[in-house]
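Undergrad: Sequence:
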Amino acid sequence: MRKKRSIQFRINDLVIVSVCLICLCGSLFLFRRDINKVLVDLNRAPIAAISFKTDTVMRRLQNRMLWDRLKVNSLIYNGDIIRLSENSQATILFFADGSSLDMFANSMARIFVSPKGISVELDDDGAIAVTATDTSAGFSITDTSGARIEIEGKSQLSVERTSGVMGVQVTEGRASLVSPSGEKHKVDGGTALQVSSGGTIEVAPLAVISPPASLKVAVTDGKSVPVPFEWITDSRYSEIPVTLTTSTNVTGVPVLSRQEITSGSSAVVQAAVGTTYWTLSAADIDSEGEILSVTGQITGIPVSSPQLIAPAEKQSFLYRDKNPRIRFQWQGDTNASSYLLEVADNPELRSPHISEQLAGTSAVIADLDAGIWYWRVTPFYAFHTAAAIPSEVSSFSIELKESLSVPIPLGPAENAMIVRSSKTDNRDDLSVYFSWSGDRESVMHTVSFASDADFKNVVHTFTVPVNYLSVNFDEITIPDGVYYWRIISSAADGSTSSASAVRSFAVITESEAAENETAEPTVINAADDMALSAPTGPVPVLVLEPKNKSVFDGLDALRNGIRIRWSCSEQLRSSRFVLSRKEEAGDYIPVLTREDPAKEISVVRLIPGEYQWFLEGITDSGKDIVMEPSSFTVQTVPLLAPAVLLEPVSGFTIDAAYLRKNRTVQFRWEPAEGATHQIFSIYRRMADGKPGWKVLQTELSGTDSSYTVQNLTQFDVGSFIWTIEAEIRTSDGFTEQFGTAASSVFSIEIPLPEQVEVNAPLIAEDE
1 MRKKRSIQFR INDLVIVSVC LICLCGSLFL FRRDINKVLV DLNRAPIAAI SFKTDTVMRR
61 LQNRMLWDRL KVNSLIYNGD IIRLSENSQA TILFFADGSS LDMFANSMAR IFVSPKGISV
121 ELDDDGAIAV TATDTSAGFS ITDTSGARIE IEGKSQLSVE RTSGVMGVQV TEGRASLVSP
181 SGEKHKVDGG TALQVSSGGT IEVAPLAVIS PPASLKVAVT DGKSVPVPFE WITDSRYSEI
241 PVTLTTSTNV TGVPVLSRQE ITSGSSAVVQ AAVGTTYWTL SAADIDSEGE ILSVTGQITG
301 IPVSSPQLIA PAEKQSFLYR DKNPRIRFQW QGDTNASSYL LEVADNPELR SPHISEQLAG
361 TSAVIADLDA GIWYWRVTPF YAFHTAAAIP SEVSSFSIEL KESLSVPIPL GPAENAMIVR
421 SSKTDNRDDL SVYFSWSGDR ESVMHTVSFA SDADFKNVVH TFTVPVNYLS VNFDEITIPD
481 GVYYWRIISS AADGSTSSAS AVRSFAVITE SEAAENETAE PTVINAADDM ALSAPTGPVP
541 VLVLEPKNKS VFDGLDALRN GIRIRWSCSE QLRSSRFVLS RKEEAGDYIP VLTREDPAKE
601 ISVVRLIPGE YQWFLEGITD SGKDIVMEPS SFTVQTVPLL APAVLLEPVS GFTIDAAYLR
661 KNRTVQFRWE PAEGATHQIF SIYRRMADGK PGWKVLQTEL SGTDSSYTVQ NLTQFDVGSF
721 IWTIEAEIRT SDGFTEQFGT AASSVFSIEI PLPEQVEVNA PLIAEDE
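According to this note's numbering, the sequence shown is numbered sequentially starting from 1.
Keep in mind that the hints were calculated from the coordinates and are not lab data.
Accuracy of the hints is not assured; some may be wrong.
What the hints assert, rightly or not - Cβ pair distances, simulated, as ranges: (1) Thr-730 / Gln-357: 27 to 33 Å; (2) Thr-251 / Gly-198: 45 to 51 Å; (3) Asp-553 / Gly-622: 38 to 44 Å; (4) Gln-259 / Asp-688: 24 to 30 Å.
Unchecked claim - Below, simulated SDA-like cross-link-like pairs (lysine to any residue); rule was C-alpha separation at most 20 Å, straight line: (5) Lys-53 / Leu-93; (6) Lys-314 / His-353; (7) Lys-322 / Ala-416; (8) Lys-184 / Arg-148; (9) Lys-401 / Arg-320; (10) Lys-184 / Ser-119; (11) Lys-694 / Val-745; (12) Lys-661 / Ile-748; (13) Lys-184 / Thr-144; (14) Lys-694 / Asn-662; (15) Lys-582 / Gly-561; (16) Lys-582 / Leu-542; (17) Lys-223 / Ile-301; (18) Lys-223 / Lys-582; (19) Lys-53 / Asn-106; (20) Lys-661 / Gln-710; (21) Lys-116 / Thr-142.
Beta carbons are placed, not taken as given, at the ideal position from N, Cα and C, and that holds for glycine.
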């Protein structure tokens, strides 16, 4: 038999529990204080914001220990510490005067703003760049050694601190450098000084004057941008060659390009999209084996002109007494922070009638009068060094019309059949919806029913202020037979439109059903020979079109859409239409929902795939409607035939002999039949024969059959692939059909001059 053991509570257990409780209380206290501190800090007025960043940028609020990870447009408060990780960069824009501070990888600084100006405390090693505006009240930088830089207005400089040495390079304007001992020197634009580890100020033996340590350039169409470099050296280093290398990593590995310059003090570097890190280095003559170096980075920012969507080119708008509401829409640039929308009565957009700064990519304007109007959109960026590329100019017209537009009947369809029951007990009313599209200036619509197509014998007339009419065929006196209906709209000034097209419908009273059965009235097309039976529980929905598991041609579905119709034996109080598309995983994802739809929906521009749809809701009598999902398939849109490439023939070589006679290269082809647009591209051919980076790309019309490359300096020696891809687009820019890419290969083989080898002169020794 097991004995019960008693567990005694010893004194050391009490001590451990007490210590844990004390630590818990202390943690809660510190957490509460930290939360309160955050709330207090966030209630302060911000001094700046992160306007641009890549990778990880951290912030620590004043008197806090926790670091926050920042996003673009994050606010900066007085006394905040900003820290950057490897391969990171950030641009801080100050609210006080518009000055900016660029911080580079592995840098950390504390920032203050006071009535005297902006103060930055640089911590240990790191690199920053400052652009002070002409309204700057003062900008100063200090480091841990006590050295200080005072920057005057409208100046640009960079500061780099490495191994205890702080270097200052002024690109534009003027600054003062004060050593820890109080020694002060003026630094003008185009010069550089450094504070040595001993605290003395010296002339920098190697300094880059252009570009600044942080440069942002706009890169369009994936092309690289040439960036000129210029530097100065101490007279002692004038005969020493320098090396300019670039890399995609701050460590300098891997090397993108390497240039050895034996004479002169300038070079050119090609910068692509992304960050290109550069290092200018030379051997230090004062220390054997040591290398002098200056580093910086060029950020290539992809920019593109907005693509105008609506109004479409040469689209026309009509109105009578109210200016039309015109919706402007465009596809913007992901890097743009705002857009300038301009609308003018001339293609040069001089003195625009509309000039509006917008944050989004659409606008609605309703104060344009009749005439031909031209419009464009210009993007703007948070970083001031990126160029704004406006969109193309598009035109549209506004016309004053004399009369209302003629209404267009929508439903019921032609030859619709209205079936009602002869029994009147215990059944719901039969209501049929008549709908039409009309002029937006119409305030009243008159719907007429007649027993003849000429409307000489009108049997019923209805007047409604909306573009639909619900008619209860159990309440109106109308015998069985064929009838015709039409609509006439009227405006507020009493003017009326012409009569719409005439549609017909038939009214039929169904004979009594068998005993204990009730035939329910409904509306069906004459082509449908089946009506809905009266439900005793949930009310079913009858699918009219498309039939379940129908298959549609992909291009026809894009252009003409797919009409979905259904019918229900009772009037719906509320309903919801859901269309879903089957994903690769097998799940159906909703792509379109419509609350309280009519009994017909046209769905346009469906991409290829398998779809299913259903209707759910409740009737006026409180019954649920039930419907099994109905499916259909949209086939894949076939590709256009490829273009026939003519010249240069595959394998053509551009050599020195060709360039002596030609300064351009012409590409010719036979365009694909039916194409509205063509994309002409040139790619660098990689070692595996596949396309590499994009060298050139432009959009041409569908009938163009040639393109001439004027600037051959954008090509290097090597092999290239040129392609033509055809497309069919609608007037609003939607691509209906893509083409099969046609490609060919050409190469450039130009012998480069051999590098001149510079040897030191021999010095004769005394015998």
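Undergrad: Checking against the hints above, which ones are violated?
TA: 2, 7, 14, 16 and 18
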